[in-house]
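**Q** Residues per chain, in single letters:
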Amino acid sequence: MKNIKSIFALLALSLGIASCSNGTDDPLPVADNPLEEFNLTGSFEANGHALEIYSEQEGFTMGYNELFIRIKDLSTEDYVSDATIHWNPVMHMTDKVHSCPRSEISTTGEDTVYKGFIVFQMASNDDEYWELNLEYSFGGTTYTTTEQITVNAPSNGKRTVNVFTGTDDVKYVLAMMPLTPEVTVNDLSAVLFKMETMMNFPAVVDYTVAIDPRMPSMGNHSSPNNEDLLFDADTGIYSGKLSLTMTGYWKINLKLLNDQGDILKGEDVTEENEGSSLFFEIEF
Amino acid sequence: MKTTYPYGAWSGYLGHLILVLCLGVIPLSPQKAQAQEPILAPIIDSILPIDLKEVIVISSFNRGIEHKSQPKPLSTLDQYLESSKKVSMVKRGAYAWDPMLNDMTSERLSITIDGMRIFGACTDKMDPITSYVDVSNLSDIHVESGQQGARHGNVIGGALDMRLEKSNFRPLGWTGAVETGYESNNTAQIVGGELNFSNEHFYVDTDLIYRKAENYTAGGGEEVAFSQFEKYNLSTNAGYKVSENQKLLASFIFDEARDVGYPALPMDVSLARAFIGSLSWVQDSFIGDLENWETKLYANTITHIMDDSQRPDVPIRMDMPGWSDTYGFYTQTELILDDHHLIGKLDGYYNRSLAEMTMYPNDPNEQDMFMLTWPDVRTLNSGIYLEDKISLKESSVKLSTRLALQTFNVADDFGLNSLRIFYPDMAQRQTRVLKSVSTHYHRQFKALHLSGGLAYGDRAPSVSEGFGFYLFNSFDNHDYIGNPDLKNEKALEANFKMDWPIKNLDIAVEGNYFHTWDYIIGVVHPELDVMTIGADGVKVYTNLEYANLYNVSLDMVYQLTSELDWSGLVSYHRGTDQNGRNLPFISPLAYRSQLTYGQGNFSGTLTLSGALDQSDFNPDFGEDHTPAYALLSLSLGKTFSIGGDALYGKVGIENIFDRYYSTYSDWNNIPRMGRNFFMTLSYAIN
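Keeping their order, the protein sequence lines are chains A and B. Per numbering that gives the first Met the number 0, residue 0 is the first one in the first sequence, and the count goes up by one each step. Per numbering that gives the first Met the number 0, residue 0 is the first one in the second sequence, and the count goes up by one each step.
Treat the hints as calculated values from the structure; they're not laboratory data. All values derive from a computational prediction rather than experimental measurement. One or more hints might be untrue.
Covered, in the sense of this in silico footprint (three residues per stretch, anywhere, with C-beta under 8 Å from a C-beta of chain A), are these stretches of chain B [to be verified]:
no., region
1, 355-364
2, 407-420
3, 486-497
Just so you know, even glycine gets a beta-carbon here, dropped at the ideal spot from N, CA and C.
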């Protein structure tokens, strides 16, 4: 929801700016920074440019990160429009190197703001670190830069991303999209990728993510009228409905089913089995 | 008094019935004196005695000593109500019993204090309105069955109107009284007092009562844990005669109970507090021929804090506070035209009901679990009531009707969103039209009075029924979910009464029948998961196709001598749904037999009360078989004169044989009090 809101905010701002330039009688104040409400999570100087990365979160965080990018030309102090940007985050583990699922970078309603998402499936630690490779082009020139970044473990310790091997021996990454939980029927979304190689994570389409939210602290009770997450070809994400009947800690037990309806990962919650091995967590 | 009966050896229905009959003819030495006034005087309307009304007398000013006519003068209001013929009580402990009339509880009744609507703030019905007043400030309670109670609101089962005691411009000057009582079983201490000033232009009455009781002991000596309570009630009434024709009246009640245990429930109440106030304008004459114009504005606010902090073992700690505020008015006037006595009344109230539930996880690092169990429901009800009593030759007819508009608004978005989990298309507001029509006919054949009536009425769902969110009912061990789509419950009602005085014997037979369409009750939804740890399932309030409820009672009073009265009451109740399934909380055959002796300043009462086996019960609603029981109680009283003042003492024993028993209306079969000695002393200063 926040994503949609922020897009609307950007659209509204761009309209505001447009109307200002048209010289209306009552000009709206021109926002210095259309990403003011976001956190600047990284600013890298390279090639005479400053690459600014904004996020809703305080920093890069394990799980799904929606990121906004601006390129500032340091010689003119202007932000660059009409650029194409590619990114490749790489985790340098002690024994291997791998990437993570991420989207293409697209433009937004604000022509100097670009956006995309990255799913960090692990956090940085003392011995292992993430590097963000950026390749961007504008004015007929292509530039590259590589910066080390820190990916934090979630501050509340709650799980929002799962890396697992299905019964089909495929390694998957399933990440919950950001959610501001409320006591209501929430829109729950997730993204699903498979790990084809260490560096290639294509999106998985037409599977089903079955959900069973539970409160382990309150007799492991469930909630009514949940809807499993189904793939939406237009958005490329899995969407469903999550009912939360009260505040507190909820464990969203998951099962991943392929397009044949076979369970690839996850178990039913029963009297004997308190939770699935595949789950997300929410606390509010 | 002779009190030895071979009671303990008796068992079986026949034995009980014989005992009932025997008690009627116990020989006692007759002596010349005044008869004791019966506790439950039938209302005597000199023009038209046709109301199916019962008046429970609590105090009467003309007697000097208050509550004297009651076998147990300083008993709780709940015990007064229970001793009445029509009202029975659902009990979850020693305090705050929930009154039932015609086997229906508060959502189907109108319970008012001097006509003021008040709504309890507890989602689990732990604070019926009757718990916010006390015997110290009431004069009587008018019990009206079925649509006869429509004057007070939209009802199915009837109305209870508790009338406050007022000096009412009687030229008495300063009067005061001090009362104290003690009960052995739960070491209950009661201290009360009143100070009144009244003359022809002005009066002010103040009453104060304090009660504190420890755990009670059931028959056989078992202590019932968490049955303690403490409460005090302060009330004041004042009146000022603006002119001979015009009066300004005000009343205020403050009631607070603390540390109230509910042994039948998993939670207790640390605080139940009410502020109840009103301002009235009364005029003997109004516009034209209209007379007795009365207008009242009132407001009340209730805070109810339910918690389990005193309970040693709970799966999870929780707090469940609730609040209920009501603002209302009514204005009514009368018109007498030849054979017609008309009453017109306009009324309205606005109620706000909010209740929360916070559960504290055993892991202190986890966030609290919070929900709104009543989502700040704003109820606005406005109605008009019209009544016409028509006197005919040796007979009379009463016609009455009420039309009301009731609006619900779920004001809290958090609560609205919670309910929309179940009802995605639920509107925030809804409006219902409520109707009532009633006709009643009375005819007199010499001494014999026959009366009967037909009526139709409907009611809107209560806040819990419409908007409750995971309300745990420990009786059937289910969580309840409200249903905003409920249809109004509608009842067609028939009633009759025959009253036949033959010399010293007065026999009355009475019956009520309710055919209720869209009867609202919780129905199990197996697909829903419970919220409460240990609950068996989830019920959603649902309209049944219909339900039938009926009750018949035989009531006899026999004046043996001028000092000695015997009264007997036998009642039978039945309630089933469209499939013949038993409804919950329907009384089995119950009886009471009472001997009342009054001679000069001495009085005594011997009461046998009991019920047969409850065979028509329903496990679906958490009921099980309740065995038959019978109890014997005795009280003795004497008035002494000290100077011009009066001192009245009364002692008694309840449940003489210390029987272990519980009744059909005892929540989770909680056992009732065992043998109990009580003593009260009242001192009136004139």
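**Q** Each hint needs a verdict: does it hold in this structure or not?
**A** Structure-based check of all given hints:
1. 355-364: It holds: at least three residues are needed, and the region 355-364 of chain B offers 5 whose Cβ sits within less than 8 Å of chain A.
2. 407-420: Coverage by chain A holds for the region 407-420 of chain B (5 residues, Cβ < 8 Å).
3. 486-497: Coverage by chain A is violated here, the residue count being 0 at a Cβ distance below 8 Å.
Checked against the numbered hints given earlier, the structure breaks only hint 3 and satisfies all the rest.
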